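Student: In case you want the letters, here they are:
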Amino acid sequence: MKITIKSFANIRDVLGQAELPMELAPRATLTDLFTRLNSEYGENFNRQVYDQLSGELVPFLILINDKTYRTTVDMDTPLSDGDVVTIMIPFDGG
Amino acid sequence: MNSLTYKGYIGKILRVNLTDGTWSDFSLTDELVEKYIGGAGLAARILYDELEPGVDPLSPENKAIFLTGPVNGTMIPAASRVGLYAKSPLTNSFFHSSAGGHFGAELKYAGYDGIILEGASEKPVYLFIDEGNVELRDASHLWGLDSNTVQHEMHEELGSEEIHIAAIGPAGENLVRFACVICGCRALGRGGLGAVLGSKKVKAVAVRGQGSVEVPDMRKMRLLLDELFAKFNANPSTSEIMPRYGTPVLVNANNTLGMFGHNNWQDEFYTESEGLSGETMRKQLVKRDKSCFACPARCSKFSIVGEGQNEGCCVEGPEYEDIFSLGSMCGHNNLDVVAAGERLCDDIGVDAIEAGVSIAFAMECYEKGLITDKETDGIELRFGRDDLILPLIEKMGRREGNLGNLLAEGVKRASEQVGQGSEFFAMQNKGLTFPGHSARGMPGFALGYATGPRGASHHDSRPTGERTGLVKRDTIEGKGEYTARINHLNILTDSMIVCHLPEAIWGPLDITDNVVRCLNAVTGMDLTLDQARKTAERIWNMIRMFSVREGYRREHDTLPGRFMEEPIKTGPSKGMVISREMLDYMLDQYYEFRGWDKETGVPTREKLEELGLEDLTEDAANL
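Chains as they are written, first to last, in the numbering used here: chain A, 1 to 94; chain B, 1001 to 1623.
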């Protein structure tokens, strides 16, 4: 299936474009997507979303077609063909 | 001689009587620092004890306190802060504002934990603390200068650029109710504390010192620092995003979630936000990254406007809040104007959040016909007019004309003058305007805004838990306890004093061991996590009692009509609103968790006694 990844800031810098089309296996989950991004973009991507001591994905939000999901509890969410996945940035403060 | 058991403190505060030009030392005691730590906690206790209820914030009877905490001047990461405390001319209650940079550390190296300024001078003065020596100098020749020029003039006069200065601009002198104090390029921004200094005729405070801050065990301290710096370097927020984009990264983040205030919060989704984004700013303005004292995050940005009418304007910033208030709230996305506006706010000495939100309020009043050319001195105030931002900052800072004077009073008082229902969209609580984080999109944060002792501050509660998904943002369940625990994290860190921005390390949902270990390592206290939380709760209740004594009750823990009656119109958060019923439900949860009376919002006798605030029970009983 085909999805589109939208991103900004550091993640956009790593992915190289604001909207990135990606081919995933049917019923791939958010975890599968992040595994794929980690594999394709390596440490540059890993440092933006994973704590480098614990190795864990840090808390942030992901939008699938404008609906909000949380990395803390929703990573098993399956994706569907045509989904637009917006990766928010794990930014505290402000 | 420092008689404290605990390290980390110098042990004394300088008390300056501006009326007669004398000064003395105020010695810290073990009991004071055990119960109130420093910074906001200690200042609240001192001001509660020394101010009469009802005192006019701009009278000599008010006091202004510069204060550090035990960790300032050490290498604890993000311990760069200094706080300024007084009864606020905007909110009429206890207010604390802190700034990063280097002033706090230097004040301790100069020999004092803080400075109490009381009374009022007849003529302009500045205070100079040089290696423990105190002088009160004439500042008549500096009166009227902007906050940047006055620092340059004083560096020249005092013969060194190594001296750290906190100064007011013309707005503080003109008693603009949201005048700020500038330390270097950083602002003690909110609450109008610059006007308190102006009312005392204090143009500036300068400090220089080569002292040090003692800690109990340097070996243990180094081990802790190694661990903390490793955590900062491992966390994506502090190691990657803050250094690259700083707080302006939130423009796209909040707008993507549909939580970016636009046109005076008439909506929270701005289709043209990319022009204001951290990414655009990085390309268009930023020349280098900057750090505050002892902070590895480098979130501050040094920017220069490259072309156009404001070419050459340089500024530390703009921060997210400036971009929100001076840009999106006023309906334009001209980042050059925002940068120049932020610089002008600093120079003239006004809080950029209050300034931008005041302009946005006036624009909506004008577009709705509630004010006319007569009140605006002929200016056609409309959203999107980026050409008005700089002239209006000048007018409010100098109180020029009808409009300048109206805006200089802040949104709450301006709406009271305008009337005609404008209170509905006067985006403030308790006199303080809302910063750039959504209330409607984050119910727990809305509760934090409503109950904030400073009013609509984004540092009494925090948006982070809901914005990053640590808790669900589309529910009101559990938000009472959630908000109270974040209050405690914030007030403890504001008393130590460390910056809130590395929240992933300090919390972000409650006080964690990382905070307590810093406090223990620097002071030699042996606080458990539970004891630290109890200390924070004591300070929070102390501050609540200050507000209660000034007349604040449950009915003041509220939100503007717009946030309670107008759902967000467009974007991913479309439809979200915090109705009165929702707010009431959360307030009940909050007061119940806190042990406060649900009808009035006043801390109960039992709660005050439990927290060791027995001396306040009589005040609570006599209300």
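Check before you lean on any hint, since a few could be wrong.
Claimed, not checked - Label-pair distances were calculated between CB atoms; the ranges are:
1. 80/A to 1423/B: 34 to 42 Å
2. 1382/B to 67/A: 31 to 39 Å
3. 36/A to 1283/B: 51 to 59 Å
4. 1382/B to 75/A: 19 to 27 Å
5. 75/A to 1287/B: 48 to 56 Å
6. 1283/B to 26/A: 53 to 61 Å
7. 1574/B to 76/A: 55 to 63 Å
8. 1304/B to 76/A: 42 to 50 Å
9. 67/A to 1211/B: 39 to 47 Å
10. 1580/B to 27/A: 53 to 61 Å
11. 75/A to 1580/B: 50 to 58 Å
12. 78/A to 1373/B: 54 to 62 Å
13. 65/A to 1162/B: 30 to 38 Å
14. 1382/B to 27/A: 28 to 36 Å
What the hints assert, rightly or not - In silico BS3-like pairs for lysine-lysine, Cα to Cα no more than 27 Å straight-line:
15. 1534/B to 1220/B
16. 1283/B to 6/A
17. 1574/B to 1231/B
18. 1220/B to 1123/B
19. 6/A to 1472/B
20. 6/A to 67/A
21. 6/A to 1123/B
22. 67/A to 1374/B
23. 1569/B to 6/A
24. 1534/B to 67/A
25. 67/A to 1472/B
26. 1472/B to 1283/B
FYI, nobody ran anything at the bench for these hints, they're computed from the structure. Every value quoted in this text rests on a predicted model; they were computed, and no experiment measured them. Cβ atoms here follow ideal geometry from the backbone N, Cα and C, with glycine treated the same way.
Student: Looking only at beta-carbon atoms, does the pair residue 1574/B, residue 76/A fall within the given range of 55 to 63 Å?
Tutor: 27 Å, violated
Student: Does the hinted range 28 to 36 Å hold for residue 1382/B and residue 27/A at CB?
Tutor: Given a distance of about 52 Å, which is not inside 28 to 36 Å, the answer is violated.
Student: Can the restraint linking residue 1569/B and residue 6/A be considered satisfied, given a maximum Cα separation of 27 Å?
Tutor: Holds - the C-alpha atoms of residue 6/A and residue 1569/B are around 23 Å apart, at most 27 Å.
Student: Within 51 to 59 Å: is that where the Cβ-Cβ distance between residue 36/A and residue 1283/B falls?
Tutor: 29 Å Cβ-Cβ, so the 51 to 59 Å window is violated.
Student: Just to be sure I understand the hint, the distance between the Cβ atoms of residue 75/A and residue 1580/B should be within 50 to 58 Å; is that true here?
Tutor: At roughly 37 Å between Cβ atoms, residue 1580/B and residue 75/A fall outside 50 to 58 Å, so the hint is violated.
Student: Quickly compare the C-alpha distance for residue 1534/B and residue 1220/B to 27 Å and report which way the hint goes.
Tutor: 25 Å, holds
Student: Please test the hint of 39 to 47 Å on the beta carbon pair from residue 67/A and residue 1211/B.
Tutor: 56 Å, violated
Student: Is 48 to 56 Å right for how far apart the beta carbons of residue 75/A and residue 1287/B are?
Tutor: The hint (48 to 56 Å, Cβ to Cβ) is violated, given that residue 75/A and residue 1287/B are roughly 39 Å apart.
Student: Holds or violated: 54 to 62 Å for the Cβ distance of residue 78/A and residue 1373/B?
Tutor: Given a distance of about 59 Å, which is inside 54 to 62 Å, the answer is holds.
Student: With the threshold set at 27 Å, check whether the alpha-carbon distance from residue 1574/B to residue 1231/B stays at or below it.
Tutor: Distance ~37 Å between residue 1574/B and residue 1231/B Cα, so the pair is violated.
Student: Quick one, are residue 67/A and residue 1374/B close enough, alpha carbons at most 27 Å?
Tutor: 47 Å, violated
Student: Does residue 1472/B sit within 27 Å of residue 67/A, going by the straight-line distance between their CA atoms?
Tutor: This hinted pair holds, its Cα atoms lying about 13 Å apart.
Violation of the numbered hints given earlier is confined to hints 1, 3, 4, 5, 6, 7, 9, 10, 11, 13, 14, 17, 18, 21, 22, 24, 26; the remaining hints are satisfied by the structure.
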